[in-house]
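Q: Going by the working numbering, the first residue of the sequence shown is number 1, and it counts up by one from there.
Rather than coming from a laboratory, the hints here were simulated on the basis of the structure.
Idealized CB from N, CA, C, for every residue including glycine.
Just so you know, not all the hints are guaranteed correct.
In the PhoX-like style, the derived pairs of lysine-lysine whose C-alpha atoms are separated by at most 20 Å in a straight line are [stated by the list, open to error]:
#, residue 1, residue 2
1, Lys-27, Lys-126
2, Lys-27, Lys-162
3, Lys-150, Lys-126
4, Lys-155, Lys-106
5, Lys-126, Lys-148
6, Lys-150, Lys-106
7, Lys-126, Lys-106
8, Lys-155, Lys-126
9, Lys-27, Lys-187
10, Lys-148, Lys-106
11, Lys-56, Lys-76
12, Lys-162, Lys-187
Computed spacing ranges between beta-carbons, pair by pair [claimed, not checked]:
#, residue 1, residue 2, range
13, Ala-205, Gly-163, 40 to 46 Å
14, Phe-175, Thr-57, 17 to 23 Å
15, Asp-173, Lys-106, 15 to 21 Å
16, Asn-149, Arg-54, 26 to 32 Å
17, Ser-120, Ile-73, 21 to 27 Å
18, Pro-77, Gln-153, 20 to 26 Å
19, Val-55, Leu-134, 20 to 26 Å
20, Leu-189, Arg-54, 35 to 41 Å
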Amino acid sequence: MKQWIAAAALVSLAGWAQADGLQSLEKFMTSSQAGEAQFTQTVTSPAKQGQAGRVKTSSGSFAFQRPGKFKFIYQKPFDQTIVADGTVLTVYDADLNQVTQRQQSKALGQTPAALLASASSLQALKAEFDVSSLPEADGQQWAQAIPKNKDGQIKQVKVGFKGDELQTLEIEDGFGQRSVLRFVGFKALPSLPGSSFEFAIPSGAEVIRQ
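Work out the full structure: start from the sequences and follow the hints.
A: The structure is reproduced here in structure tokens:
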């Protein structure tokens, strides 16, 4: 599995210019029931002694629908699809023609995907994460979410909003790897067709169920 991602959230009350990151996150969770955007992702591995950290960049499209549905389609530099239909999480690696599936309830939990597509309210999110606002930076309002379960792979997640748009998702794992997703043209929608999150297993693909 070349990538492991999932995504994030936002809020604000009266004036967006006055809103902090936690308000932006809360509003996003209550008012954005679905959405879609293009994205670029930069993954930076920890630097080894005498070497700079290794950087990998990819891009594609993203969509989500509450509760619990989302899809990442990576188009460059390789073809990969990650889709959750509310019950099953599927990862398809086109290069290997390999499909990996697992129960969604066991795969998500305290992951960035829970921020974006699973939790229906800030209160529900607080059951899994310690959430707080961060100072404004890079013209964005920021919220931070730290998993309460310290045994998971994710160390912390930061979500950045500009105006009423989801802009940035930063993920740091326990191994020091940093993944930054930047969203472009985010559209909040009332809903998306159910077929948006269906996945048909390609003919001849190897299927691994975990």
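Q: Does each hint fit the structure? Answer for all of them.
A: Right, here's what the structure says about each hint:
1. As the CA atoms of Lys-27 and Lys-126 are separated by approximately 15 Å, the hinted pair is consistent with the 20 Å bound.
2. Note on Lys-27 and Lys-162: the hinted pairing holds, with a Cα-Cα distance of about 13 Å set against a maximum of 20 Å.
3. For the given pair, Lys-150 sits about 15 Å from Lys-126 by alpha-carbon distance, which is consistent with the 20 Å threshold.
4. For the proposed pair Lys-155 and Lys-106, the alpha carbon gap of about 18 Å is at most 20 Å, so the pair holds.
5. The hinted pair formed by Lys-126 and Lys-148 meets the criterion: a straight-line CA distance of about 9 Å does not exceed 20 Å.
6. For a cut-off of 20 Å, the pair hint linking Lys-150 to Lys-106 stands: about 16 Å separates their Cα positions.
7. Of the pairs offered as hints, the one joining Lys-126 and Lys-106 holds, with about 19 Å between alpha carbons and a cut-off of 20 Å not exceeded.
8. Between Lys-155 and Lys-126, the direct Cα distance comes to roughly 16 Å. Compliance with the 20 Å bound is thereby established for this hinted pair.
9. The straight-line distance between the Cα atoms of Lys-27 and Lys-187 is roughly 15 Å, inside the 20 Å bound, and the hint therefore holds.
10. A threshold of 20 Å between alpha carbons decides the hint, and for Lys-148 with Lys-106 the separation of about 16 Å falls inside it, so the pair holds.
11. For the hint linking Lys-56 to Lys-76, the alpha-carbon distance of about 11 Å falls within 20 Å, and the restraint holds.
12. At most 20 Å may separate the alpha-carbon atoms for a hinted pair to count; Lys-162 and Lys-187 meet this at roughly 13 Å.
13. Between Ala-205 and Gly-163 the C-beta distance comes to about 41 Å, which sits within the given range of 40 to 46 Å.
14. The hinted window of 17 to 23 Å between Phe-175 and Thr-57 holds, with their beta carbons roughly 19 Å apart.
15. Taken as a hint, the range 15 to 21 Å holds for the pair Asp-173 and Lys-106, whose Cβ atoms sit roughly 19 Å apart.
16. Taken as a hint, the range 26 to 32 Å holds for the pair Asn-149 and Arg-54, whose Cβ atoms sit roughly 28 Å apart.
17. For the pair Ser-120 and Ile-73, the beta carbons lie near 25 Å from each other, so the given range of 21 to 27 Å is met.
18. Separation of Pro-77 from Gln-153 is about 24 Å and conforms to the stated range, judged on CB atoms against 20 to 26 Å.
19. Between Val-55 and Leu-134 the CB atoms are about 24 Å apart, so this pair conforms to the stated range of 20 to 26 Å.
20. Take Leu-189 and Arg-54: their Cβ atoms lie about 36 Å apart, and the range 35 to 41 Å holds.
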